[in-house]
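**Student:** Residue numbers (my numbering), protein chains in the order written: chain A, 1 to 245; chain B, 1001 to 1742.
Derived from the structure by calculation, the hints contain no laboratory data.
Note that CB positions come from ideal geometry on N, CA and C, so glycine has one too.
All the given hints hold, so there is nothing to weed out.
To give a feel for the contact side, a few chain B residues facing chain A, derived at Cβ under 8 Å: (1) Ser1556; (2) Asn1629; (3) Gly1630; (4) Val1632; (5) Thr1636; (6) Leu1661; (7) Gly1662; (8) Glu1664; (9) Thr1670; (10) Asn1671; (11) Ser1674; (12) Leu1675; (13) Asp1677; (14) Gly1678; (15) Thr1681.
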Amino acid sequence: MKKEPITGKIHSFESFGTVDGPGVRFVVFMQGCAFRCLYCHNPDTFDLNHAAYELTPLEVLQKMQKFMPYYKHGGITVSGGEPLLQPQFVKELFRICKAEGIHTAIDTAGCYLGDDVKEALNHTDLVLLDVKCIDPTIHLALTRKPLQPTLDFANYLSEQRIPTWIRYVLVPGFTDSDDLIERHAQFVSGLTNVTKVEILPFHKMGSIKYETLGLEYALKETIPPSEERIENAKNIYRNKGIEVN
Amino acid sequence: MYWNGFKGDLWKSEINVRDFIQENYSPYVEGASFLAGPTSATTTLSSQVSSLLELERERNGVYDIDRKTISTITSHKPGYINADLEKIVGLQTDAPLKRALFPKCSLPSLEDALEHNGYSLDADIKEIYSKYIKTHNDGVNAVYTPEIRRACESGLITGLPENYGRGRHIGDYRRIALYGVDYLVSQKETEFSLLEPGEMTPEIIQQREELADQIKALKEFRCMCASYGIDVSKPAKNAQEAVQFVYFGILAAAKQQDGVTTSLGRTSTFLDIYIERDLKNNVITETEAQELIDHFLMKLRLFRFLRSPEYNELFSGDPTWITESLGGMGVDGRTLVTKTSFRYLHTLYNLGIGPEPNLTILWSERLPKAWKEYCTKVAIDTSSIQFENDDLMRPEFGDDYAISGCVGALELGKATQYFGARINLPKALLYAINGGRDEKTGIQVTPRFEPITSEYLDFDEVMERFLEIQKWLAGVYVQAVNIIHYMHDKYAYESFQMSLHDLNIKRYETFGIAGLSIAVDSLMAIKNAKVKVIRNSAGIAVDFEISGSYIPFGNSNEATDRTAADLTRTFYQFISKHKMHRNAKPTMSILTITSNIVYGKMTGATPCGRPSDAPFSPGANPMNGRDINGSVASLTSVSEIPYGCACDGISYTFAIAPAALGRETDKRQTNLVSLLDGYFTPTGGQHLNVNVFDKSLLEDAMEHPEMYPHLTIRVSGYAVNFTKLTREQQLDVISRTVNESI
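Using the sequences plus the hints, can you model the full thing?
**Tutor:** Here is the structure:
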């Protein structure tokens, strides 16, 4: 019997990705996410069944191959949505990318760690891991999902020595207290594989999408963090010897 | 004594600037740390210039006009900003920013320009040029056919140089510094004496007359320089003279002609040889070397021509296109980047940001890393420079070419262009549907043929008629451009610029397409979606309803990109089968300048879903918002347009917010380098304007122009002061800026 080819449910592509991993990258935004982060700027990726594209890994690679001269110092990043909702697709996509010598990165909240995910990680050069808040209660309130799976995921990456950048979204009123950042940094400094922490200041550019989708945007009143607060957060990591920007 | 220390022989026995450069230049592969800041003289002059520019703004963009004097090489007494401080001297008239009169191209346009500024044309000048002297425009009008007139009036052909200088020639101004005027005159005299064949054909007679005019212009040029107390008879002795002589060259060109573009050429590496010699002999310091370049480029920023309101609408913001090409690689594999290439870019810091000269980086992946990083830094800091693909152009034009005007290449001193603006391709498509009647006026512009009457457009039917229309249009277009250049040669010949060329030059006649992406998208919509025609009571298609979907240009879709390539190739073939003025080689550009707005206003709704009057995308850009897969996909689509059919340039204008270019400053630079390396492969794209700014900054500048007097941005083909654009153009620029991705 012929095996059905794996396909991925995809929201969109960005052929000039400059902020999701090193260099210029082809970014595949996957459809579907179980998190409901209050500040999410891609609410249009929540529902797995609303994909704009359904493509095989090879079709995605072919889309990218035309653009290879641009990616000599970059590669491919799968983002989303939560790409590890579709681990078989990511695994196969990264396998064929690695065969072509393409640098692979995955942008994830790290809430799944099944065998397929582990196999996908075998073909992954860099993980951009969102650890959204170090306090389990606030994490749940902020994302509607528990923290523990993400910590397990981080520890797994550390054991496997898979290079990782930790991302931390600085949301005033939720994640920007010194105590929370301090504890977050403490956790990160215990990992063996983290080469960088990226502080991402909260912004409201996604709010229009909520209106379009008829969803309530909970952080309407929240204002983006000040330069001082951003610098303060960065210093907390620097003081622990962690590279941050 | 002039050539002490210079190596090589060939350039001494014939006029051969390239050979001189190759024998003597010092490639520079290190960084920008050697650069010097402005001297106090530079700072003082800069602030004087700033106050003048402020006054110019207050006076609605025109500081002053010399209303009595017809501009020639020697028409004006010397002028200065501050004679005691200027290391490089010379102005177009006797005062900075004072504009001169050029009546020989068109009297009505000149009158228009004056009236727009609250003046009337001097009665004597008016009498002379209406009674006794024929202008270029008189010549053109005398022989235009009714068909050409209709095609121009309807906006099917726009921007032809009918009533101002045609521009596009680049005098090889370096020759003046290297050889001195005496030698150049003697060479031209030798050429003249050799042009005595048995038969005096019209071609030979024309060539002899032109040579005689060239010799006269060189002699006038010597007088102009002498009036500043400078003798250009002999070669330049040192760096200061070399810079001065080159500057006088372009100055004389701008005094003789109000050409739509007055390109400088490729002077930095040439001048670097003189600067290096003086530095080595301790004649000057780095600070003094930079000062020479600062004062030179400061002068170029002051070039002004008096233009009519109609001209300003097409070419917004008072551009002069003093295009200087920097860097690139030599055919022997050495880089042509020198320290003076850095010094030119550094003027954007020493003098502040400004749109002129039109600094153009000739890019190759093999350029020195430090130079690439400096160029991208300057692009990110200033949004004032453009990039072009040296690896694409070098095989065609060698390694001593320069960009002429906007984006097309030209071999220096060996070739020239006959500029022919562009046609409105979407309008031609609408004519195919409407039987050649204009969708806005109802006027029958083309020969009469059957309009399409079906409710839904059929691809084959539209395509067949579209090709017929293009074939007809190409014929009319070539006729118009041939007429214009015949008359330019006859009534407004640029004898000075041409005196700095070889005797037998290559000629390119340049045609152009505006609205390529709209035409492509419309055809894809007709082919792959369903397009219903909405007609007015006169039966003219005035709107379209699309059901279903199509993949627009700019998403790197094979079928769509192939349509863009085919359209370009087809129109070029239609052009190419006609006879050109003086056996020129036809070329084409995909370029709009700022006229993408005007074209939009003149064009009804198109089958791609673009509403009537909406702006075109600039140059070869995909339509705004339709390229949904990011800039690389968009650029890849544009690089599929065949350069061989559009050697005069394929312009792409890119605008991005700093944050969307990368998180940190150094990453932004390396990401931009990656983008340029990716686009400018040997078979890749041709031209890229880079704008880096936040939308919010532009919005603020629109509301408070007085706070942003120097804000400069790149539009299709040149850099411009943002606040000098019309509000519509400003809004158009803002709408095209890429912010952070989702």
